[in-house]
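> Take these sequences, add in the hints, and give me the full structure.
Quick note, the sequence shown lines up with residues 69 to 613 if you use the numbering used here.
Simulated from the structure, these hints should not be mistaken for laboratory data. Honestly, I wouldn't trust all of these hints.
Derived SDA-like pairs (lysine to any residue); straight-line CA-CA distance at most 20 Å [claimed, not checked]:
1. K549 to N528
2. K187 to D200
3. K596 to R586
4. K365 to P433
Each pair of labels, with its calculated beta carbon distance range [unchecked claim]:
5. V317 to S204: 23 to 29 Å
6. K464 to P434: 37 to 43 Å
7. T227 to K145: 26 to 32 Å
Fair warning: this is a prediction, and the values are worked out from it, not measured in the lab. A virtual CB, placed ideally from N, CA and C, is assigned to each residue, including glycine.
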Amino acid sequence: MKYSRFLTSILLISFLTSCVKDYFDFDKVSNHVDWNPNVAAPAVHSKLTLRDLLQDYDVQHLFVEDTSHFLYLIYNKQVFSLPASQYVSIPNQSLSQNFSANDFTTQGFPTTSPVVVTKTIQQILQIQSPTDVIDSLIFKYGTFHLELNSTFQHTGLLTVTFPTIRKNGLPYSKTVNINSSNGFNYSNDFNDLVDYQFTTPTSNQLVCEVTLTLTNAGHPVLPTDQAQVNMNFSNIQYKLIYGYFGNRVIPVQEDTVNVEIFNNALNGQLYFMDPKIKFNLFNSFGVPLGATFTDFKIYSSSDQSYHPYSIPSQYNPLIVNAPTVAGNNEITNILLDTSNFPTIRDIIYNNPRYFYLKTTAMMNPPSTSQYNFLTDTSRFAVNLEVELPLWGRSTKWVLQDTADFDFSEYYKDSTVDLNNIEYVRFNINMLNAMPTKAGVQLYFTDSLFNVIDSMFTPQNMEIVQSGVINGYGKVIQPTRKITQITYTGNRLSGLSNVKKILIRGYINTYNQGNTNVRFYSDNYLDVKLGVQVQAKVNTQTDFNK
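Structure below.
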């Protein structure tokens, strides 16, 4: 919970207890005396610029100040798609090759030894979508499985080579030494594909050269002898991939922006002259995207309901540009303001506590033809930003907040009897160089928010008067307002059950909210608070004892 130093200073009861304790020690007061002291003391004097107040409030750097000290409120939230690898993936790839006895006996084996037989596999890649085209990729990770089952009773060598999978100019290759002349079985996994580059001579094609060399070990070659080679690429992850990836749909989680200035708004309106809503779309997919804003709405603090709105048709759907260099972002911006989206004033006038935006995107929308690439970190992001230049007016704008305030905690360690206080008087002296006037009411409640008492009467609620402005809406002269509040002793004792305070502020800009004003960081409020305590004690002690 956040409330300004000014509202905090309005919690005058905290000063009451400290004044009573400082000036009166009831443990030392004799009896049989009529004591009627009256003590006054300044409690607070502070000059707070709007910059000071914002530094307390603006923990998320929501306020922006230009060179003239004019202020802007900016709220934003960015949401991301999942990484590209969650949309475009490479299925496992399986290859196999068989060598028969005839492959070797036709070359004179085993009389002729050794004999080398090479076979080439040209296999169409398994792909995720029928329209996918894979031209090349750089491996981030992958497992290569190699398996050999041979019934030849001869030694030899198996070599598998992928001429289109290369690193540092060398192809990816594995060699198996066949060191048994009584049949041979082999199986192994390799996790060494990182940074190898796979390039297809023809799109979606994988080439493998399998070479089996047999050396005579003194046994015959049976007609049924064979060697079966099985290979598999699994868990394939890419750093970078080129090709064409069709029309996949990329959902983005709902973007929600909390416009905190409306969090505690109960009633009334803020009218901004130049509000702006910005959609900033960040695309690091090397793929053009067609973005569609499927749901745009606000949640109003005034009526606590949702209100849907339509984004102008020229922006929905929208072609989102794509980078042409891997690792770069391409940014597409939409600015909605009063010139192209007049409804924006109605939206802001409705006290929008939350803005909601749901977006989906489709790869390679119609009329686009850019060559596609993706990196493992490619994402699509949508940043929704609400900008409110503090230029406008407010009419009967009501803010409300609550605070824990256990009144008994302020005097539990003292013997002070609140019934012995005749009254406490607060003098509030406000010199205001801001273009607003404000009324404040503090309701003291129990733990269930049942009102026990209030601080101000209707006649003295308005404790801040607006400064005088020029034709530009800027304050050129501060205005002073002095308010006096008297709290009687019997009312004080009634606060013993207070557990919470409900703070309500009523805000109008200059001229009852009929004139547009501007807020600057050097606008200020000079606050002086004085406390006067009148106590009465009747005692029965005999001083002659």
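> Compare the structure with each hint and give your call.
Outcome of the hint check:
no. : hint                     : result
1   : K549 to N528             : holds, 11 Å
2   : K187 to D200             : violated, 28 Å
3   : K596 to R586             : violated, 25 Å
4   : K365 to P433             : violated, 26 Å
5   : V317 to S204: 23 to 29 Å : holds, 25 Å
6   : K464 to P434: 37 to 43 Å : violated, 51 Å
7   : T227 to K145: 26 to 32 Å : violated, 56 Å
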